[in-house]
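K.L.:
Protein sequences appear in the order of chains A and B.
Note that our numbering numbers the first sequence so that position 11 is 11, with each residue one more than the last.
Position in the second sequence (first residue = 1) + 210 = our numbering.
To be clear, the hints were calculated from the coordinates, so they are not data collected in a lab.
Virtual Cβ for every residue (Gly too), placed ideally from N, Cα, C.
Keep in mind that a hint or two might mislead.
Said to hold, decoys possible - Chain B regions said to be covered by chain A (calculated; three or more residues, Cβ under 8 Å):
1. 529-540
2. 561-572
3. 617-628
4. 642-650
5. 746-759
To be verified - From the derived model, a few chain B residues whose C-beta atoms are all more than 12 Å from chain A:
6. Gly-228
7. Pro-296
8. Glu-330
9. Gly-465
10. Glu-545
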Amino acid sequence: MQDETTQVRDIELLALHGLAVKKAGSAVAVADILGREEAEVAGALDDAARAGRAMAAKGMYMVTPAGRSWLDEQYPVAFARFRADPESAAAYERFERVNRELLTLFTDWQMMPAGGERIPNDHSDPDYDRDIVDRLGALHERGLKPLDRFRALDERLGEYPRRLEQAYDKVLAGEHEFVSGARVDSYHTVWFELHEDLLRMLGREREVYE
Amino acid sequence: MSRVSERILVLDGTATYGPEIIGGKGASIARMRALALPVPPAFVLPIEECRRYHAGDGGLEDPVWEAVLTGVAGLERDTGRRLGDPEAPLLVSVRSGAAVSMPGMMDTILNLGMTDAVEEGLARLSGDAGFARETHVRFVHEFGHTVLGADLDPPAGDATADDTRAAVREDTGAEVPTDPHDQLRAAILAVFDSWTSRRAVAYRRHWNIPQDGGTAVVVQAMVFGNLGEESGTGVLFTRDPLNGDPEPFGDWLPGGQGEDVVAGTHDPLPLSALAASLPAAHEELIAAGRLLEREHGDVQDIEFTIERGRLYLLQARAAKRSPQAAVRTAVELVETGAIDVATALGRVTPEQLETVLAPLLPDEVTAAAEVLARGTPACPGVASGRVVRTSDEAEVADDVVVLARPTTSPEDVSGMISAAGVVTERGGATSHAAVVSRALGRPSVVGVGEDVTAPWAGEVVTVDGSKGVVYAGRLATADVRVEDVPGLERLIGWARERGPAAVVHDAPDALDLDELGITVAPDAAPDVDELVERMRGAPAVRGSVLSTAQGAQAVARSGVTTVVALPGQHAATLLLRLAQARES
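All chains, full assembly: derive it from the sequences and hints.
P.N.:
In structure tokens:
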């Protein structure tokens, strides 16, 4: 199920993995994460549903508890090379640095300081917002470095810089929902999926920040 | 403003140029100097120089560099210090400044002029070797990061400048210059280059800003709050940013430098301590605040440093304020004659008004209530509901639920959308749960403690996301009355006088836009023209769409004179929107 690189190509595993990263989603959404054809992903997800690893309803899929257990069994084998490669740990360490600063940025975007306390950002101050959009751009560019390293290990992870770029471009165009909006593929949404994806591949736990 | 040569402008207040010539920051310094306010000496390379640089073949032309050296000599004369002189070192900041601010421009570089010898000199002058070392490290780090693009961890507390130089070298292969003039030249070039950074170019393309403009470069002498007696740094708000109280409010950190106040690493004193120890500087500061507030017609947030008894204003800008303070200051600035009524009506957003009028948990209710847990307030507001512990349950629930999770991940977003409130056991104000709750406007408390929420399953709780408390049971909230909010009655009175329509709670023959199927769509703004067509000639209108700016504009344009407030709509907010629609 693996070739000579760290890359995993097994669609049966990847489709369910992509679905687990998203939790619930259509084949289109999972295909977007994986950079694969929708039909191929839909087929794999239908197979997963028949095997009891996913539930399907009205074109949406969800991982079942059995599917989760199955993934947990598969990960150590499927991602053995990725996990063993010192390059992935080194890239992850860089990723974490940017991650911490991004989380602070998302908070700043939503809550702005006023006299020692924080109040919800009602976006009435364009200078404040512009400053954060600028910081997001700087972090976006910094984040591309570790992402390039991940892409060199597994081409599939190159879908994330593409999706992050799309979100950031919308932010620059003034679509502020794409900073941290929860209902769209905002920068925060895509970044969080990326983080979840990496954690699953590496078999790590999420750090808890203050 | 004196033109030392045609290549730089000294910002001494003798003349002012607009942001289109010397950028926003340069223009702001020039304006403050023209008001005779104490600002550290500075000069600027105008935007024209950036254009010339990009039209040329790279590098600074000799006449520009000579002009910069003349400008530095002026700063040296004004401060009695010299660049690179360990006995009396001049340190400068370098900032970008385009006509309109935009993403991608180079960040500020502070403490430029730092060398090993200057670090030793500064250690002697300040009597604080740790400060001198940290200032040097901060400079090398900032220069490495901003000019050379190094991706660095924040420097460790005991790091030396050499350590930091090595880290920059390892990441970029480039050296942070050790000669102050080389530092200055590289920083100026980096500002010019940032005009064509990917981000800046993309931003200008999106907003149809011409690509052939440029950014000015401001070079300003740094002042120190930790050199000698009678020194320190602080922040002044001309009014209290939380409640709008018209008394000056702020922090004073004797012997503090630069970011010490903002960073919160030291505990500052109130401004009264400054009044007691340095009354003349305090008085000058308060007067400067008053002058700037009148000049700009808005509450000011001023960063200042006092060096050996002498006050310097580092930055002044409109202060961020709470929604309550926004209402009160808008009204009181009209009363002092600083702004007119139309401006005041534009100073408060309908969203701020909604926040001010959001129901609260009264003290007498919370005093009698059982506190289940306390955590970090993550999204303000109050929500009650039955506790579910998985997002799947939240999604299928028929009743109002509160989602309580150990922590949340992207898997929980749809559950959070379905829930009225959110509680997590782990994580702080930057956790996923906090970020997503705020994006969704779901009252939320995070980090209440490991395994705390498990016993709540199926129970009804009340989440106070403003205070960070979870209570047992469903607590009654209290409405906030207009007369309870200082200034609000006046503001609403003005809105009523000036607005295009009256707001009432009932009217016969009111046209119901909701019944006509004209409602608010989640992904598209209402069409004003269509709304005007539908409501023209109606004696009165009602509808959820009137809670939008477009709805209010349509009322103003259609000539409808009466709006009926729906049960969920605050008359005050509708009046404010209508008044703003007329002004726009």
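K.L.:
Each hint needs a verdict: does it hold in this structure or not?
P.N.:
Going down the list of hints, with the structure as the test:
Beta-carbon proximity to chain A at under 8 Å applies to 6 residues in the segment 529-540 of chain B; the threshold of 3 is reached and the given coverage holds. Taking a C-beta to C-beta cut-off of 8 Å, the segment 561-572 of chain B contributes 3 residues in contact with chain A, enough for the three needed, and the coverage statement holds. Only when three residues or more bring their CB closer than 8 Å to a CB of chain A does the claim for the segment 617-628 of chain B stand; here the count is 9, and the claim holds. Taking a C-beta to C-beta cut-off of 8 Å, the segment 642-650 of chain B contributes 7 residues in contact with chain A, enough for the three needed, and the coverage statement holds.
Under a criterion of three residues with beta carbons nearer than 8 Å to beta carbons of chain A, the stated coverage of the segment 746-759 of chain B fails, only 0 such residues being counted. With a least CB separation of 18 Å from chain A, Gly-228 (chain B) remains clear of the 12 Å interface cut-off, as annotated. Listed as a non-interface residue, Pro-296 (chain B) keeps its Cβ farther than 12 Å from every Cβ of chain A; the least gap is roughly 34 Å. The claim that Glu-330 (chain B) lies off the interface holds: its Cβ sits roughly 32 Å from the closest Cβ of chain A, which is beyond the 12 Å cut-off.
For Gly-465 (chain B), the condition that its CB be more than 12 Å from all CB atoms of chain A holds, with the nearest at approximately 20 Å. Even its closest Cβ contact with chain A, about 22 Å, leaves Glu-545 (chain B) beyond 12 Å, as expected for a residue assigned away from the interface.
Comparing the model with each numbered hint stated earlier shows that hint 5 is the single one that does not hold.
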